[in-house]
Amino acid sequence: MSPIRLTRRNFLKLGAAAAALATGACSRPREAIVPYAHQPENELPGVPRFYATAACFVGAAEGMLVESNAGRPTKVEGNPGHPGSLGATSVHGQASVLELWDPERSKVPRQRGQPATRGALERDIADALVRLRERGGEGLRLLVRDASSPTLARQLDGVVERFPRALVHRWDPLHRDRSREGARLAFGRPLEPLYRIEQAGAILSLDSRFLDDHPYRLNHARQFARARMPRDGRMCRLYALESAPSLVGAMADHRFAMSVPAIEAWLVEKNAAYDTIFKDLKQNRGVILAGEALSPQAHALAHRLNAELGAPVAYIEPSERELRPLPELVQAMRGGAVELLVILDGNPAYDAPAELDFTAALARVALSVHLSLYDDETSARCTWHLPSTHFMEHWSDARAFDGTAAIVQPLIAPLYAGVSPHELLSLLSGEHKSAYDLVRETWRHIDWDAALRQGVIRGSASRPLQVSLRGFSRPKPAPEQGWQVRFVADEAVLDGRFANSAWLQELPRADSKLTWDNAALVSPNSAKVLGVATGDVLDILLGARTLRAPAWVTPAQADMSLTLPLGYGRSRAGAIGNGVGIDAFTLRTHAEPWSAGGAQVTKAPGRHEFATTQNHARMEGRELARHVGLAHIDSFASKKPNTSLYPGWPYDGYRWAMSIDLNACIGCNACTIACQAENNIPTVGKEQVIAGREMHWIRVDRYYEERRTLFQPVPCMHCENAPCEYVCPVEASVHDSEGLNVQVYNRCVGTRFCSQNCPYKVRRFNFLDYQRKEEELKAQRNPEVTVRMRGVMEKCTYCVQRITRARIEAEKQGRRIGDGEVVTACQAACPTSAIVFGDLNDKESEVSKAKTSPLDYDLLGELNTRPRTSYAARIVNRNPELKDG
Amino acid sequence: MPQIFGPPAVLGIKLSLVAIALTASAAWITFYKALPAQSGLASPQQPIPFSHKHHVGDDGIDCRYCHWSVEKASFAGIPSAQVCLTCHSQLFNDAPMLEPLRESARTGAPIRWVRVHDLPDFVFFDHSIHLAKGVGCVECHGRVDRMPRIERVASLEMQWCLGCHRDPAPHLRLPQDVFDMASKPPQDPRVRAQLAARLLPKQRLTDCSTCHR
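Those protein sequence lines, which keep their order, are chains A and B.
Numbering of the first sequence is given in this note's numbering, commencing with residue 1 and proceeding in unit increments.
Numbering of the second sequence is given in this note's numbering, commencing with residue 1 and proceeding in unit increments.
Possibly wrong hints are sitting among the right ones.
[Unchecked claim] Here chain A is said to cover these stretches of chain B; the calculated rule only asks that three of the stretch's residues, wherever they fall, bring their Cβ under 8 Å from a Cβ of chain A:
{"id": "1", "segment": "77-89"}
{"id": "2", "segment": "102-111"}
{"id": "3", "segment": "119-132"}
{"id": "4", "segment": "144-156"}
[Unchecked claim] Listed below are the simulated PhoX-like cross-link pairs for lysine-lysine, each with C-alpha atoms no more than 20 Å apart in a straight line:
{"id": "5", "chain 1": "A", "residue 1": "LYS778", "chain 2": "A", "residue 2": "LYS107"}
{"id": "6", "chain 1": "A", "residue 1": "LYS528", "chain 2": "A", "residue 2": "LYS603"}
{"id": "7", "chain 1": "B", "residue 1": "LYS202", "chain 2": "A", "residue 2": "LYS812"}
{"id": "8", "chain 1": "A", "residue 1": "LYS883", "chain 2": "A", "residue 2": "LYS282"}
{"id": "9", "chain 1": "A", "residue 1": "LYS270", "chain 2": "A", "residue 2": "LYS476"}
{"id": "10", "chain 1": "A", "residue 1": "LYS812", "chain 2": "B", "residue 2": "LYS72"}
Please keep in mind that the hints were generated in silico from the structure rather than gathered at the bench.
For every residue, glycine included, the Cβ atom is placed at its ideal position computed from N, Cα and C.
Make the full structure from the sequences, and use the hints.
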């Protein structure tokens, strides 16, 4: 920031002007009450309604219940009945509501960058179709990203029927081609394994990222948390071999950071550790999960091993159909054989394999039409860009990973002149039908109202298939030479799709706690070899391509390998996402989409400044995020007795409290972003994060200890002896009669004494009026929560608005609030049900039961703050026969 | 050039400036405090000169006919143009003063009423719970049935809210009386005690988190 230079005279002038303006601003603004002209049925002003819908972020549908306040979608909750959600949400599900209201979404059709009418586009398409028709559609190509919609599949068939020589291609940068190929090798056809993790006594993850970006991640997380609950002194044990830091590795009892070729070599060479692990898998009904980075042969081998183990895994048809690959399309484009190219969603000009040079090929297409939410890199290079409707604005359908279909129903009429993919396709197939009619036609025989109400179509899940193994060659691990480069979907922005989401950009990544950036992740040993530290810059040479990327040193990374998260370095994402991070797609090829060897890495001049929310990764001997061995649960020293000469404060009504189970928490950050959406928490930007001014009310702390990564979500502890309260000079931080430590915004004068005195550092101060002022974003805000201004301290309220709502409803009926009626935003979003909230005065409540656990402990309990939020220690279940990892 | 004003004169000028400032603020405070709560300042010009006196007092229409969500939601509900037209499609259907209403129904553009009872944005008031606990409409809104133009009779300041939250018993009505403009809170102390027993403890009623979040 530049220092302000002001002369005395200018200062006086400005002061006088400000005083003059201020006198005119003394009266309250006049507000209007705007009733409906035509009242919708059953609409109650001030009472939100929830609509079931679904969206695909990582290849399969995540079911959700979207909260609508007076017709405005404001918050996403999970759909408990949907197998891809089970009531939880991913960070992307939470952020999708911000995507809907993003002021930088594309608003009008554009022809070669200039605003144009939809009519002109339809004429252009119609003209091209007339010509194409004569040749049976030769020269008509379609490119889709998500293909899990049954209606879309039906429509694509319709187009091919009308134009028999038209071809449909698919490009999803986060594709699952390796698993499909692996299943084809093992079983003769492309199948997806459906893991019953809950039934597994042991898990071996071969770089599988089954909690990170797997299409069934939320379901996996719930199953995993259940499997990790100790029963009769036993619990599921997790071994993880991984080439990039992941949530799976952080949760593992034995974790091995290895490059992809090393993992494959380990699998065929069978060393002592291999034998020990396989003995355990055999004895305890183990299951092996293989990740996308592994070769198809390794996948096939995993399938065979699972069969030998009798592992709890079923095989189903993939939820989306097979379409033609991208390279074929690019070849045709380059040869000038493509007359009309319609791109439905996706951003191939940015994320297509580097060697294909999609952009150059695109220039040779006579007429190209790109349908997308943003006017992005691909839009700029197509003849036509057509704004797409958001999934909360259109009718569609989508399949979960297990095949369960759900209707995607709109919550709001399109905000801009967008069309849905179905409507664009109906233009090509000549049907001219609305998306609603098309979806209803697909699902003619179901109970439509029930499907909308429940958010799933009953009985639509894929049936497990009988499979038989075939012979196949063993994986031949590539010799390790030079550096390995590993590409992963960034956990926040994925393939760049969410690059313009301020919530996701500012979400601290699970392992690095890095915001507003990506980086080349290197291990401490590799960093020593290269002579670099975090923030130094690396030159990466892979094949003939180079990339300059800042290094981030993390102990979770394998030696002699780099991890490059995808989705950054965008040039046309929007004001939030442009120019953030480095573009790893420039190194990524079609043949080696996840891991490539033979790279050269050297130190480059310069430094890069990162914005991280946690600068220290060790606990330094303090007991913060605690853990205990499975065998030692009973000897866990839970609580130090807090004795006092004074009698305790009586809480006669409710006694709200929270319990967070560190054994369940996988560090996925869903709580952080759910809280942000629920409580109107602003983002602050990279510079302010560097200044330590991020605003998240619940953060997830990450510690490295020995070879373990520990996560600890930290909201306000709502201490009974709250240190913040007795330093506030204006009583803005006070206790209420139910034990909530409340922050009264209208009293707060911003001394920040409370934050200084808070041992947990959970209080957040709004330094520079961080709330964004765009009208669209105002529509997203939760009307039940004050939008705080500059100069006010704020922090977790235990979702007091949800408590109040439940209390009012209960009081109207003259009863007490029942257990489970108040669900905080973080609790609702949590995929593993790690967070429990309720009334401690109710001895039967879930939270009371959770607090009787022998593993229950208070964070910094020795300070006698008597926090209402407590933790249950993580349980580590190491294999006594295995010393490594 | 010599100084025009000597030190005593400068002091005099400074003191008189301070005196002017003090007098002005004192006058302003006096004026503000002396302002009767029923003044026309709280009764702005509305798009349609709607008379509660006529509709409630003369015609006897129940509050809930128009403010339909008052028992179910935080917001009492402002009638849509269609609700007005249930009667006004037949009665006074060509009155010029109802033109904004007809236009709203025709075009779908809502009528923009001026808010009279406006709370700060950090206060979260809920109509439904107040009614359920026996706080009648008249308690805060006054004799609406006698107002040709709606006006604010209470200051709506926190002090005023707390007056009732600290000692609610004298302000509670029987359930059948809450919508009755002419009703009075029961005088019988036993009935009053019964009504007050349905409330949350006083501490809870005056917690900051009851209204602020």
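Going down the list of hints, with the structure as the test:
For the segment 77-89 of chain B, the stated coverage by chain A holds: 7 residues have a C-beta nearer than 8 Å to a C-beta of that chain, and at least 3 were required. Judged by the Cβ-Cβ criterion of 8 Å, the segment 102-111 of chain B is covered by chain A as claimed, because 7 of its residues qualify and three suffice. Here the segment 119-132 of chain B counts 8 residues with a CB under 8 Å from a CB of chain A, which clears the bar of 3, and the coverage holds. With a threshold of 8 Å between beta carbons, the proposed coverage of the segment 144-156 of chain B by chain A is violated, since 0 of its residues qualify and at least three are required.
For the proposed pair LYS778/A and LYS107/A, the alpha carbon gap of about 18 Å is at most 20 Å, so the pair holds. Distance restraint check for LYS528/A and LYS603/A: the Cα-Cα separation of roughly 11 Å lies within the 20 Å cut-off, and the hinted pair is therefore satisfied. A C-alpha spacing of about 17 Å is found between LYS202/B and LYS812/A, which places the hinted pair at or below 20 Å, so the restraint holds. Between LYS883/A and LYS282/A the CA atoms are separated by roughly 19 Å; this keeps the pair inside 20 Å, and the hint holds.
Note on LYS270/A and LYS476/A: the hinted pairing holds, with a Cα-Cα distance of about 14 Å set against a maximum of 20 Å. Restraint check for LYS812/A and LYS72/B: the C-alpha separation of about 9 Å stays at or below 20 Å, so the hint holds.
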